[in-house]
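Peer 1: Chains as they are written, first to last, in this note's numbering: chain A, 1 to 421; chain B, 422 to 832.
Watch out, some of these pointers could steer you wrong.
[What the hints assert, rightly or not] In silico DSS-like links for lysine-lysine, alpha-carbon gap of 25 Å or less:
hint, chain 1, residue 1, chain 2, residue 2
1, A, K142, A, K86
2, B, K506, B, K520
3, A, K421, B, K766
4, A, K171, A, K157
5, A, K31, B, K795
6, A, K86, B, K520
7, A, K86, B, K506
8, A, K31, A, K116
9, A, K31, B, K506
10, A, K368, A, K306
11, A, K269, A, K327
12, A, K269, A, K293
The set of hints was computed from the structure by calculation and includes no laboratory data.
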Amino acid sequence: MNEIIKDELSLERTIIEAERCLYCFDAPCEKGCPINLPISKFIFFLKNKNFKGAYEVVRESHPLISIAGFVCPQEVLCQVNCTRGKIDRPINIRELHNFLTLFYTDNHNLSLPEYKYEEVAIIGGGPASLSCAFYLRVLGYKPHLFTDGELGGIPFKEISNYRLPDDAVNKDIDFIKNNLIYKLEKKRIENLDDLLKDFKAIFIGIGLEDEIELDIEGVNKSGVYMARDILRKIKKSEIPEFNERIGIIGGGNVAFEVANTIKTLFEEKEVFIIYRRGISDLKCYPEEFERAKRLGVNFYFGAIPKEVIGGKRIEGLKVCQVSLKEKGLDGRRIPKSIEKSEFIIPLTDLIIAIGQKLEEGVFPEIEKENGLIKVDENLMTNIKGVFAGGDCINGGETITRAANDGKIAALKIDEYLRRPK
Amino acid sequence: MFKLRDLSIDFLGIYLENPFILSASPSTDELEMVINGLEAGWAGAILKTTSVEENLVQLKYPMMSSFGNYSKRIFGLGNIDLISKYHIDEVEKRIKILKERYKNKLIAASIMGSKKEDWQNLVYRLKKAGVDLIECSFSCPQGSMGEAPGRMLAQSVEATEKVTRWVKEAAENTPVLIKITPQVTDIVEVAEAVKRGGADGITASNTIPSLLGIDIYTFEPYPTVFGYSSYSGLSGNAIKPITLRTISEIKRNVDIVVSGNGGAYSSRDAIEFMLVGASNVQFCTLPMVYGFRVIEELKIGLSHYLYEMGFKSPTEIIGKALEKIKTNEDLLILDRVKAKIDERKCIGCQLCFVSCRDGGHMAIEVTEDSRVPKVNEEKCVGCALCMQVCPVDAIRIYELKDNKEHCFMRR
Chain A
1 MNEIIKDELS LERTIIEAER CLYCFDAPCE KGCPINLPIS KFIFFLKNKN FKGAYEVVRE
61 SHPLISIAGF VCPQEVLCQV NCTRGKIDRP INIRELHNFL TLFYTDNHNL SLPEYKYEEV
121 AIIGGGPASL SCAFYLRVLG YKPHLFTDGE LGGIPFKEIS NYRLPDDAVN KDIDFIKNNL
181 IYKLEKKRIE NLDDLLKDFK AIFIGIGLED EIELDIEGVN KSGVYMARDI LRKIKKSEIP
241 EFNERIGIIG GGNVAFEVAN TIKTLFEEKE VFIIYRRGIS DLKCYPEEFE RAKRLGVNFY
301 FGAIPKEVIG GKRIEGLKVC QVSLKEKGLD GRRIPKSIEK SEFIIPLTDL IIAIGQKLEE
361 GVFPEIEKEN GLIKVDENLM TNIKGVFAGG DCINGGETIT RAANDGKIAA LKIDEYLRRP
421 K
Chain B
422 MFKLRDLSID FLGIYLENPF ILSASPSTDE LEMVINGLEA GWAGAILKTT SVEENLVQLK
482 YPMMSSFGNY SKRIFGLGNI DLISKYHIDE VEKRIKILKE RYKNKLIAAS IMGSKKEDWQ
542 NLVYRLKKAG VDLIECSFSC PQGSMGEAPG RMLAQSVEAT EKVTRWVKEA AENTPVLIKI
602 TPQVTDIVEV AEAVKRGGAD GITASNTIPS LLGIDIYTFE PYPTVFGYSS YSGLSGNAIK
662 PITLRTISEI KRNVDIVVSG NGGAYSSRDA IEFMLVGASN VQFCTLPMVY GFRVIEELKI
722 GLSHYLYEMG FKSPTEIIGK ALEKIKTNED LLILDRVKAK IDERKCIGCQ LCFVSCRDGG
782 HMAIEVTEDS RVPKVNEEKC VGCALCMQVC PVDAIRIYEL KDNKEHCFMR R
């Protein structure tokens, strides 16, 4: 339904969609939302053509509304729970939300409380950090944000423009930067001890900067890339020179983001997703899988990469077929190689998208667990007063989930500073 | 492919192939449109209200406005229309042409005049042209003529009786219907006046005076005619409950034929009109919004209803519901009335919970473990608000009196 936004009738269509909403009590859609956006409330406003009011409802409930309006995976979150779906089909919640953020961003009524409390340090410029700053400011704190790059994190650096326009990202970032951040410093923080001298509380939202490398023979050949490197380059319009047959290893959202972006940019090139498990094991959002199919991406399921073939440059990927009979402790199927079932997929380029991890050696004083920053139920790390949230604690979830981490951290920081136990 | 039952009726001595006729409205203001309507299967048409040549008709455009939900499904249609721009000379011609062509359809005219001689002249000329029936508009909300301009004729009991007498005197054997307004203190008094005046029946009823809306940014009322507007006549499904009451109130008190008009939108609505005493049903807004083709649904719906209920003719259903309408004080006080939620149908929106909590008797409860609410029988008085708000009709009201149970539900 993205297309309707550009349609002249979008207002009428939006209203028709909003009118379908039953306005459930204690609405299930809101429970499906990681940040508990008051969905039924904003749709009720919208239905009544109270657009500015509806916008304010959304604005104060989610720090990254413009971004979420484009990329929130509604089909696995709010919309799955929509009661209307039990009558005919669920409300297209994201499109209603998107309509508001596209056409009714009116902040003239913004009324923030006076600064009441001290500065709080925030390390990182992505969704979790921005969200933490947002809510700290609303609580009366002075968010002091340190980042070594641009604000915006993954939405700004990696999500391709066709899925998430720059305008949307900038709208959210500008709103937070101009209204809610007390101080912004472009500076890399290496040592928490120094910072703890100046700040009583610190929030870490550094995300997962590094990519997991594939440990097979031949990955050093030219023509083999890392997925997020590629996405970052494409986002900066530095499009790599690909040849004719591009393989992507992985079955998550990053793999599909790369595949769909490349296929959108180069319709004539052949793009393959190579995944060691089956279709039902894919970790990407259904919407992205559907988009890939529509775009004409091809798939190899049940294929474990064994070796990158070629001379100096890649010529193919040797894979092995798998059996998926066994289930692991997490309930997911474990791919087991089948002997003598190897075959070679001829490829000219290969992109590895098998996961992300914390930046190597970051903040050694902070305790880690399973490659992520370890936090307690208050999102506090092993160091008192140091909190963390977003991808660096959850392993890479939705933007809205990261935003919610930032929000909860802000509330916990407030609790820690004002009402220490 | 499927058989349609005989839907014909006798209406004031006139044969109607089915009880559905086009009312005096924009749909009957052009000869070609009337022909199209009759060809589509309508049993007859009342041509849009006409008058004598001296009465200047100055229509104002735009004249239509509507309200409904914001998605523009029209619930009520309002117009600042007046009577036809065609005068009696043109209408006479059309009656002749139509009567020539459609011997078995009701060809009627609607008239409005001011002086006695105008009314009677209109009648004479129409009779001469061969009209089957004459309807007199005593109730156009937008423009009236005669002694009290701005006031509808049918709002005065005396004027209603007097003018009815003039018309009937001239019409003699030609049936006369008086089209009244529901906007009166006592509809029964008006109906009695019509009867005393000698008319054959009443058309109940005309559009309802209304103001369709205001543009909150320019303060202009709808429909705006260069920034200004006037009161509209409201029609459409919105006025159906008012019409049902008007018809039944007349039929319960006065022995006179009623032609139902105002708000019927479907075969079910039309059946309801007949059940409270209408002998036939006129349609205006429905064909104006969806076209003459809607007659198919009306005919087939009525046909199935008759078969399902074991009636042989539509005439048999007229007034069937009347005896069930009582005054409030005559209604029983029941031993027990309770709402019941059908757990299999409930979709868990909890609208019944919130409406009962804030607008009922705080008798519906929700728990953490289920979206399906529960009725607290101690607190429930059976007001039936929950039943109204349920989007999937999962709530029924059970009534108990002298150990007999009755279940109130919508079908």
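Peer 1: Next step is simple, just say for each hint if it's right about the structure.
Peer 2: Here's how the hints hold up against the structure:
1. K142(A) / K86(A): It is violated: about 46 Å lies between the C-alpha atoms, which goes past 25 Å.
2. K506(B) / K520(B): Satisfied, since the Cα-Cα distance of roughly 21 Å is no more than 25 Å.
3. K421(A) / K766(B): Not satisfied, since the Cα-Cα distance of roughly 49 Å exceeds 25 Å.
4. K171(A) / K157(A): holds, 15 Å
5. K31(A) / K795(B): holds, 21 Å
6. K86(A) / K520(B): violated, 54 Å
7. K86(A) / K506(B): violated, 52 Å
8. K31(A) / K116(A): violated, 32 Å
9. K31(A) / K506(B): Since the Cα atoms of K31(A) and K506(B) sit roughly 60 Å apart, the hinted pair is violated (cutoff 25 Å).
10. K368(A) / K306(A): Given that 25 Å is the threshold and the Cα spacing comes to 30 Å, the pair is violated.
11. K269(A) / K327(A): violated, 36 Å
12. K269(A) / K293(A): At roughly 15 Å apart (the allowed maximum being 25 Å), K293(A) and K269(A) satisfy the hint.
Figure legend: structure checked against the earlier numbered hints; hints not met, in rising order: 1, 3, 6, 7, 8, 9, 10, 11.
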